[in-house]
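*Asks:* So the protein sequences, as listed, match chains A and B. Position one of the first sequence corresponds to residue 1 (full-length UniProt numbering), numbered consecutively onward. Position one of the second sequence corresponds to residue 1 (full-length UniProt numbering), numbered consecutively onward.
Don't read these hints as lab results, they were simulated from the structure. Remember, predicted model here, so these are calculated numbers, not experimental data. All residues carry an ideal CB built from backbone N, CA and C; glycine is no exception. Careful: at least some of the hints might be erroneous.
Simulated crosslink set (DSS-like; lysine-lysine; CA at most 27 Å straight-line) [said to hold, decoys possible]: (1) LYS185(A) to LYS128(A); (2) LYS227(A) to LYS143(B); (3) LYS181(A) to LYS143(B); (4) LYS185(A) to LYS143(B).
Residues from chain B shown here face chain A by an in silico Cβ test under 8 Å; the list is partial [claimed, not checked]: (5) ASN24; (6) GLY30; (7) PHE31; (8) PHE58; (9) SER68; (10) GLY71; (11) VAL73; (12) ALA76; (13) VAL80; (14) TYR83; (15) LEU130; (16) GLU131.
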Amino acid sequence: MQQIINFVIRNKTFLLFLLLFSVSLALTIQSHSYHRSKFINSANSLTGGVYGTFNSIGKYFNLKDKNEKLAEENRHLRMQLLKHREPNDSTFIDSSLFEATYKIVTAQVYKNSYALTNNFLMLNKGKKDSIKQDFGVISSKGIIGIIDNTSKSYATVLSILNTNSRINARLKGTNHLGTLKWNGKSPYFSQLVDVSKFAPVKIGDTIETGGQSAIFPRGIGIGTINKFETDISGDTYNIEVKLFNDMTNLGTVYIIENTDRNEIRALQNTIDD
Amino acid sequence: MTSATGILGLRFMLLLLAQVVICNNINFFGFINPYIYIVFIFLFPIRDSRINLLLISFLLGIMVDIFSDSGGVHAAASVVLAYSRPLFLKASFGMLYEHQSVKFSNTDIGSLFGYVLLGTLVHHFVLFLLEVFNIYDIILILKKTLFSSIFTIILSVLIIILFSRNKK
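Just chain A, same shape as in the assembly:
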């Protein structure tokens, strides 16, 4: 017993080092699995306050840029409005059929990162705005990520620039689906894998969300095909997607809630059982 105590006292620095190092290692490993970064994340009032203060200073520097983006989005929405108004003029619409399945909340990006291999964003909306885990986040141009953790008034977003992110996507105009991943290299490109080799893949084609999960609605833009190659097995394509969003410059984003989410989940769970 005496010897054990002596050993501990003699090597206390090394033992403390081992202890602290293993704690950090455990936190690191834990953060690499999806939705497990419960303790160490920036959705709390301390980090929220700090980032909020500095964001309120920093936002004045790119007002011009933001205005241009908003004008561009207005133009886009106006075009959609015009396109839809014409054909519906004389048809009878049963409003119950068009009950909104998706609710949208706008939010400000308080923290954005894109230089790491696992990037997270922080938004200024949280539980009190009824934001929950697994809501989708998009900008005017395309998808950004999925809500990961929420606190009272802040939320962290698992960015599509995160090696743990998996998003269901398809080639526009077809039903050929794939999985959008990120290889951790460039913030302007993402990788779409598992696309069937029968899909008509052409450089410049648009990739959009597939709508197979309860997170994103179908048809939200992701990017265009930059280059593609067949997988080693030869059965699937690996496609490099040039993202519509400039992930290095995000201001206002939209959080999407699928109001049928619980119903879809429940149905899927019955299949799994």
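Got chain A sorted already, so can you dock chain B onto it with the hints?
*Replies:* Coordinates of chain B only, in the frame set by chain A:
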């Protein structure tokens, strides 16, 4: 004693803030960020116990992790740096360290630079190894380590010279 503790606390807060608010957003060439908070570990008083240094470095690392949503990578790298600091001190200051008389405020630039260089390389290598977390991407890890280290070393040496050297 209290004023020394006060200075340490102030340095802790300032470096942490500068790191998360400014340095995490530089993204030079898209991925190069300096990690200047390790200046705190470099400048920690040598006569203070190593246990204290380990605990404070862990705390500093975990704070940076909380702000940048990175799990525990900064904490791990900081703890490694704090634990191996005596080695670097011995390697760059030699006899001066043996006699417990190193003063960062009036050592020569060469030794200081060597000390910061060794420490930064080790810290950044552990940091990016854990962050990328895939040994097959070793080229990416080494690339990030190299470029970020250059940035960090220059900034750290400048900060140490600017803020803690005696005015002549």
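*Asks:* Hint by hint, say whether it matches the structure.
*Replies:* Now the hints, each set against the structure:
no.	hint	verdict
1	LYS185(A) to LYS128(A)	violated (36 Å)
2	LYS227(A) to LYS143(B)	holds (25 Å)
3	LYS181(A) to LYS143(B)	holds (22 Å)
4	LYS185(A) to LYS143(B)	holds (12 Å)
5	ASN24	holds (7 Å)
6	GLY30	holds (6 Å)
7	PHE31	holds (4 Å)
8	PHE58	holds (5 Å)
9	SER68	holds (6 Å)
10	GLY71	holds (3 Å)
11	VAL73	holds (5 Å)
12	ALA76	holds (4 Å)
13	VAL80	holds (7 Å)
14	TYR83	holds (4 Å)
15	LEU130	holds (5 Å)
16	GLU131	holds (6 Å)
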